[in-house]
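Participant: Sequence:
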Amino acid sequence: MATANTGRAAWIPFLLSSAVVLVAVVTVGQCSGKRSSKETPPQPLSALAAEEYVADGLVVDFKDGTTKATYDSLERAWGVDVEFNSLEGVRSGITIGRIDPAQREAVLARIRQDANVEAAEVLYRYHRDFVPNDPRFKEQWNLQMIRAEEAWNVAQGEGAVVAVLDTGVAYEDQDEFRQVPDLKGARFVAGYDFVNDDEHPNDDHGHGTHVSGTIAQVTHNREGVAGVAYKAALMPIKVLDANGSGTSADIADAIRWAADHGAHVINMSLGGGGRSQVMESAVAYARKKGVVVVAAAGNGSRGTVEYPAAYPGAVAVSAVGPSGELASYSSWGKELDIAAPGGDKRLRGREEDGVLQNTIARGNPGESEYAWYNGTSMATPHVAGAAALLIADGVAGPDKVREALQNTAEDKGAAGW
0 MATANTGRAA WIPFLLSSAV VLVAVVTVGQ CSGKRSSKET PPQPLSALAA EEYVADGLVV
60 DFKDGTTKAT YDSLERAWGV DVEFNSLEGV RSGITIGRID PAQREAVLAR IRQDANVEAA
120 EVLYRYHRDF VPNDPRFKEQ WNLQMIRAEE AWNVAQGEGA VVAVLDTGVA YEDQDEFRQV
180 PDLKGARFVA GYDFVNDDEH PNDDHGHGTH VSGTIAQVTH NREGVAGVAY KAALMPIKVL
240 DANGSGTSAD IADAIRWAAD HGAHVINMSL GGGGRSQVME SAVAYARKKG VVVVAAAGNG
300 SRGTVEYPAA YPGAVAVSAV GPSGELASYS SWGKELDIAA PGGDKRLRGR EEDGVLQNTI
360 ARGNPGESEY AWYNGTSMAT PHVAGAAALL IADGVAGPDK VREALQNTAE DKGAAGW
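The sequence shown runs 0 to 416 under numbering that gives the first Met the number 0.
Keep in mind that the hints were calculated from the coordinates and are not lab data. Careful: at least some of the hints might be erroneous.
[As the list claims (entries may be wrong)] Straight-line distance between alpha carbons at most 16 Å, and here's what the computed EDC-like set of lysine to aspartate or glutamate pairs gives: (1) Lys183 with Glu120; (2) Lys183 with Asp398; (3) Lys137 with Glu148; (4) Lys67 with Glu50; (5) Lys137 with Glu350; (6) Lys183 with Asp172; (7) Lys230 with Asp392; (8) Lys137 with Glu351; (9) Lys288 with Glu366; (10) Lys67 with Asp80; (11) Lys411 with Glu350; (12) Lys62 with Asp113; (13) Lys287 with Asp398; (14) Lys288 with Asp259; (15) Lys230 with Glu157; (16) Lys67 with Asp99; (17) Lys230 with Glu148; (18) Lys137 with Glu222; (19) Lys183 with Glu171; (20) Lys62 with Glu117; (21) Lys62 with Glu148; (22) Lys183 with Glu366; (23) Lys287 with Glu324.
Construct the complete structure from the given sequences, taking the supplied hints into account.
Facilitator: Set out below in structure tokens:
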């Protein structure tokens, strides 16, 4: 839910740190060229994250000219089976093997003492370092907060489908509607308009396009801004009208439709105080089909989580501002699961403290603009995008995704506050 900022700040249970488990941060060039490990020992593993090396792996680089008979003899002496890393390894002498992690240091010390060995060390992992060229990425403090650049080195959301149940999306040129420039080239799958009951869920408000951009804005295209899971596919579903309002019947219908049409994640940046059994049943239906349902906690600045976020099975999301503390407008409560960047203009009166995205100009779906919005509506797509990254990286099922999100977030205190 998007809003102007009102209310109080409070401590919250989790600050989203965007799928940090997906990331292995390594200083590139740290191990370039051949060197004698007898003179320069490898960096202590205690200084590295677990994702930066293979726990039971080792690399042995034999000196040029080492014979096969010597290889075989040393294997027996060390009690370690090594094999050439590749066909090229037969010439270069680079071999790999497996060892008991508990015996790692003793085994490596023994191997390094041999005159036939150029170097012996653990098997490190490296990853490409990606910085998008979107010119306004530097204004997206929210993506810096969730450490998106690190996550992108491992996953970008490819293969995941995120349904956006909202005011629609500016995804096509049709009649008076125009696709916003920064969504050109984005991946879309067929959606539906439950407000007008047709197959063109175009946005006549702006909210849904802004939310969709945070999830999967085209990134590294030298245009505008970036999105959390920029290779995920968006499923635009219109359940809110031009005034930003919708019914429980349309929303429930849309949840089931998305679950039946291949959505892996459902984003609902919407909410209200009425508990609908029809909608609750739809959330349960989607979850049973393996869909991660993410919803906004609400902007009431009170300890009550709105529906559908409060339903069992939904991931309820509150909002934080640039300071990392609960946004002044954000709701909280016992059903809360996680918090993410939603902006908080009220604190300093700065537009730039909101969440920046490309969307349509209010009241004119043929024109686009870059706008800063604030609200738990803006926080929710960060979590939906992070869920898409996890799914793309092989995390399966709503429970596992929720667990991964919470386990990689910053704990801010007692649950629900």
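Participant: Look at each hint and say if it fits the structure.
Facilitator: Hints, one by one, checked against the model:
no.	hint	result
1	Lys183 with Glu120	violated (46 Å)
2	Lys183 with Asp398	violated (33 Å)
3	Lys137 with Glu148	holds (12 Å)
4	Lys67 with Glu50	violated (33 Å)
5	Lys137 with Glu350	holds (15 Å)
6	Lys183 with Asp172	holds (11 Å)
7	Lys230 with Asp392	holds (12 Å)
8	Lys137 with Glu351	holds (11 Å)
9	Lys288 with Glu366	violated (38 Å)
10	Lys67 with Asp80	holds (13 Å)
11	Lys411 with Glu350	violated (26 Å)
12	Lys62 with Asp113	holds (10 Å)
13	Lys287 with Asp398	holds (11 Å)
14	Lys288 with Asp259	holds (8 Å)
15	Lys230 with Glu157	holds (5 Å)
16	Lys67 with Asp99	violated (25 Å)
17	Lys230 with Glu148	holds (14 Å)
18	Lys137 with Glu222	holds (12 Å)
19	Lys183 with Glu171	holds (9 Å)
20	Lys62 with Glu117	holds (5 Å)
21	Lys62 with Glu148	violated (39 Å)
22	Lys183 with Glu366	holds (14 Å)
23	Lys287 with Glu324	violated (33 Å)
Checked against the numbered hints above, the structure violates hints 1, 2, 4, 9, 11, 16, 21, 23; every other hint is satisfied.
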